[in-house]
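S.K.: Here the protein sequences come in this chain order: A and B.
The first sequence lines up with residues 1 to 281 when you count with the numbering used here.
The second sequence lines up with residues 1001 to 1109 when you count with the numbering used here.
Some clues are possibly wrong.
Some chain A residues judged to face chain B by a derived CB distance under 10 Å, without partners named [said to hold, decoys possible]: (1) M75; (2) Q80; (3) C99; (4) G103; (5) K145.
Hint data in this document are derived by calculation from the structure and do not stem from the laboratory.
Beta carbons: idealized from backbone N, C-alpha and C, even for Gly.
In case you want the letters, here they are:
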Amino acid sequence: MKKFTLSATVAASLALFAGAATAQVTDALVVEGTTISTSAPAADWLDIDQVLSGWSFRTVETRALQMDDFDNPGMIFVDQAIDDWSTVDGTEGKSCSSCHTDGPEEFAGLRAELPRWDEAQGKMMNMEDYINLSRVEHMGAEPWKWAKPRMDAMVALISLQSRGMTINVAIDGPVADAWEQGREIYYTRVGQLDMSCANCHEDNYGNMIRADHLSQGQINGFPTYRLKNAKLNSTHARFSGCMKNIRAEPFAVGSEEFRALELYVASRGNGLSAEGPSVRN
Amino acid sequence: MADNVKPRVRVPRSAAAGEAFEIKTLISHKMESGQRKDSDGNPIPRSIINHFSCDFNGENVIQAALEGAISTNPYIQFEASVEESGTFTFTWQDDDGSEYTDSKDITVG
């Protein structure tokens, strides 16, 4: 009899816990006086009504970390990038600050538009492309490898300048083909588990996948500091991690496939605010 | 000196005399515990911040001995109160003998 009572209590508390864990919050995210919108009406080509930042799906402790720049561990890497900003490298004897004399603030708004078509380059560019373009052409330095600490930190520093600005990624014109390719990848089942991005992030966001609360997989907060690996994570590295989770062979970081997917996923978050560097689990 | 070590400190610019306020400190450091092995099976030597201290106008406020189980980028938060304006100095000591310091001024008024 006693045993029965006990298990009933356990079941009741488990149910309560599950209820609490799967609720998304609608609290306002205010960081250092900047209000960041964590939800927005979805574009009409999306099968969901509302787009939600990954922040809304995290625990109260994780959310709190992002609300104060001192507590946000991602800011450590921003500090490192500020040092790199004025570090001379390459044959031209220049640093970032030699040309960009107004500091990284010059790039306010850039993160909210990327990836985008660059007429001068004749291709779609994202943040890593712009950083390496400057390093190679203007500094005469070696390009940085993608998804490595110095690159991710610099992406974070430049992304930070756009914090709170509304994501507005163009999907038509010269990038229409890439966007279509990205959409195709998003909905294609791959790997031993035979899953697509959409199976988790469109059909099941808000549900638990084992111990993890599935988000919509938005990338407005990238690069993101993950408590899991205590470092900044780039968009492409995260895509790669997702593909490994579904036992698929990931595309290469910086590949055409991931560039297309980045464009498509970024456009799904149009209307949210740029948050980077965000804090996630 | 370990790579990419950078101290960060937050102290209010001003405070009322005798009133407690919060100090937050964080230092980026990999805090290698000494328990791990590399891909060849050789132990990775310990490399951590082993000591932290905070002084105000030359007088010690707090000291902490840090051990191998403390995670990367150690964050230490505490409260202090001061009676006069002055300077907080913060010192972190590394296993390799290096010392990292930062300081912040506070005005009482």
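S.K.: Hint by hint, where does the structure go against what was stated? Just the numbers, ascending.
M.R.: Those not satisfied are hints 3, 4, 5.
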